[in-house]
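The task is simple: from the sequences and hints, build the whole structure.
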Amino acid sequence: MIAGRSAEDSGAGTSGNPLADALLALQLFAVAPRQLGGLCLRTAGPARDVLIERLTALLPPDTPIRRLPAHIDDERLLGGIDMAASLASGCSVRQRGLLEEVAGGVLLVPMAERLRPDLAGRLAQAMEGGNETGFGLVLFDDGMTGDEGPPPALAERVAFRIDLSQLRSLDGEDHILQAPLPIGTVEPGDGDALTALAATATVLGVDSVRALLFALAAARAHAALDRRNSLTDADLQLAARLVLAPRATRLPPSDEEPNENAPNEAPPPDRDSNSDGDSTADSTPPEDSVLEAAVAAIPPDLLARLAAGAIQRKGHGSGGGQKAKSKLRGRPLGARPGMPSGGARLALVDTLRAAVPWQPLRRRELSADDTRRLVIRKSDLRIRRFEERAQAVTLFCVDASGSAALARLAEAKGAVELMLAQAYVTRSEVALIAFRRAGAELLLPPTRSLTRARRALAQLPGGGGTPLAAGIIAARRLAASIAGRGTTPFVVFLTDGSANIAADGMPGRPRAREDAASAARGLAADGHAAVVVDIAPRPRPEAEALARDLRARYLPLPMADAAGLQRAVEAARPASDRP
Amino acid sequence: MAGFPFSAIVAQDEMKLALLIAAVDPAIGGVMVFGDRGTGKSTAARALAGLLPPIQAIEGCRYGCSKEDRARYPEVCGTGPLRKRPVPFVDLPLGATEDRVIGSLDLERALRSGEKAFEPGLLAKAHRGFLYIDEINLLEDHLVDLLLDVAASGENLVEREGLSVRHPARFVLIGSGNPEEGELRPQLLDRFGLSVEVRTPDGIEQRVEIMRRCAAKDADSEAFAAEWQAEDGKVLRRIARGQKKLSGLAVPDAVMTDMAELCRAVGADGLRGELTLMRAARALAAIGGAEAVGREHLVAVAPMALRHRLRRDVLDETGSTVRIERAIGELFG
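Sequence order for the protein chains is H and E.
Take the first sequence: its letters are residues 988 to 1566, numbered as in the working numbering.
Take the second sequence: its letters are residues 27 to 359, numbered as in the working numbering.
Keep in mind that the hints are not guaranteed to be accurate.
According to the in silico footprint, chain H covers these stretches of chain E (three or more CB under 8 Å from chain H) [what the hints assert, rightly or not]: (1) 60 to 66; (2) 221 to 230; (3) 236 to 243.
To be clear, the hints were calculated from the coordinates, so they are not data collected in a lab.
Note that CB positions come from ideal geometry on N, CA and C, so glycine has one too.
In structure tokens:
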């Protein structure tokens, strides 16, 4: 629907062309960097270089612009003692941190979707620092799928979110006509303007007050670009489109198809001839035109992403999965040579132990007579290591078909809720896939939140055929993505094993069974731990065969209730995953 | 730049009240704020810290100790004169390591001169002020345990890397988090004194008012602060009155019985619920200048003192606040 609004109909930089939007957002940001926080741009292509170049040109020449490498350690980020230089020179050498260098400037963050949460926390905190230490943030989000994205703590703190991933060409005209007014000279907006923004935000389910303030700042920056002191509807529409629409969590209650009314009724504001900007919206009160502008720019996949739960990103905590070596926390392991940076702590005693045998030699080398002093070299430094547990995700794959599940579905739901309620003991997350009728469906992406799980489970319907193969394939895919994040999946199948829908969705028992068996062997080949809980009233050979193919444990549980199911699953969990 | 004035925060009455109670009686054990991002949680906490009058601290003391602290911890405080300094507000970053929180061996001095010196961490910095932890539900568990332990004992005891240091660390712990992003362990929730649920104001007028005030502050933050100085002064006087009256305020037996009955009716686990309820009701009465703690105080603070302590039934979706209000209705009419 964004493409529906072509650049021709406005002649200005405010069309639906994402590159033009991004360029305009950069201009707005340059007018009011402190008020707008920054931008989040989803792009991997050459558009990125164009935008960086543009931004550099827009900002005052002496503005510091720095790039944040993903591997940066605390010392470099926050500044501190330069250990190697200090040891070599014998006096403490301080290094300036990146955040200090970038104060008052702009920090570019490539691969923002992979940013570590601790780093995101530091940045968010530094941004709150106010005038002295504050900086603008440009997040480049290279994510491919809907549920990837920059850390929410940072995405929340930048005004604009623009998706450039569908960009076909780099022809974005730029309109810099005259120098913008200072943002402070633009009036803060009268009651009607503020009401229009607040009402639009409410209708779109944008709860954050920060978003509202960003919208107002964007409207004022737009007026400043146009060298006006007062806000017009065009400014508000632009703010709604660029700031509020990407944050929408629901669509306005309307029977109309938003895609259709957008290009006709809410023409993009024209900022080259600002006097015209008002006349186009004369027929409608400002609130409506602002809302329309926002609705027209809502991401097309909003509903799908809402359904998949991608809008609310889940949090990351510590888990109870496979063991991973860590330099930060966990059970202490032995020390090893290395620099105490990146959060690694110096193992003092081991460092000294390593340095002591060399002392006479080194003293001779330095011709130092002072025997009270230790000569320590970089190679002596030892750091501590700890054993940390990776997070475990219990992945329920539930047979919701008519054959077995209707009676057992309630128990399966209950077991999932009980496991979540116990999440603080097992330190695990829970995910849920249901298969019925023609295919499998991810009902609950990995989460620790009981609130979300309850909502997803309430919607779990039952009935239809048994597409076991589709269920296993979906489980395998999710397990792979869980493992890819460094967490450990544990797959729990709740089924009677009697497949009757093949992988391609066609009915037929023999094919269905064959597909299921081959999918099961695929999952087993990935090496993920699994258990098959037979929920048929009388245990069947099919489920046992499935367990064999999965190389999983087989648990016939004909009579178990929710609590029994949960206990059985806990007992079947591989020992290494247990806390 | 001046901070946002406490009294200029629109709505969010429950959060503001909880913060005031915690400021009057820090022994209440911290405030847990549940809510979405961008609802003004950290602004409110920061504003309260900015509102409070400066504290008298020993000059050069790395822990910001008071005169009384010096008597208890002669080894850590210097002998310098007292100087005013603002009430500290420490924002604990999500990725903080244990070293940075509790303090560690001063590496530089250890390596250069072989001296065993302690480098204070964030806990020392927060002494006599506020420690704010955003997204506490995402914080490493062992760190949260450590923080709660120090918050409860008012003292940071460091026994590691050959160090043995003990220094005062009394602060009001303010945690915030969004339950949609991960639950908090019940044991941990129980250690927080009060909990409040923050929502963005629904009313358009309120949201417009927020924008208006932020724009005014943005335009001229000094003038904005001056405009709200009188209101902030009122809040300050209420806190001062509360602190003064607190110790002399008695809780009548009848109210004590009410508290015990309420806790039993809602099934709040443990004694901590009753104790917090009593303290919070007393602090509220003190703020209001009441002569004695009454049932109305108890009813007003019951949701924030108890809602995070109810035993959760996974299959019952009724919110904790509703359950408490229902119990209050049944017991006290």
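For each hint, the structure was consulted:
no., hint, verdict
1, 60 to 66, "holds (count 5)"
2, 221 to 230, "holds (count 4)"
3, 236 to 243, "holds (count 6)"
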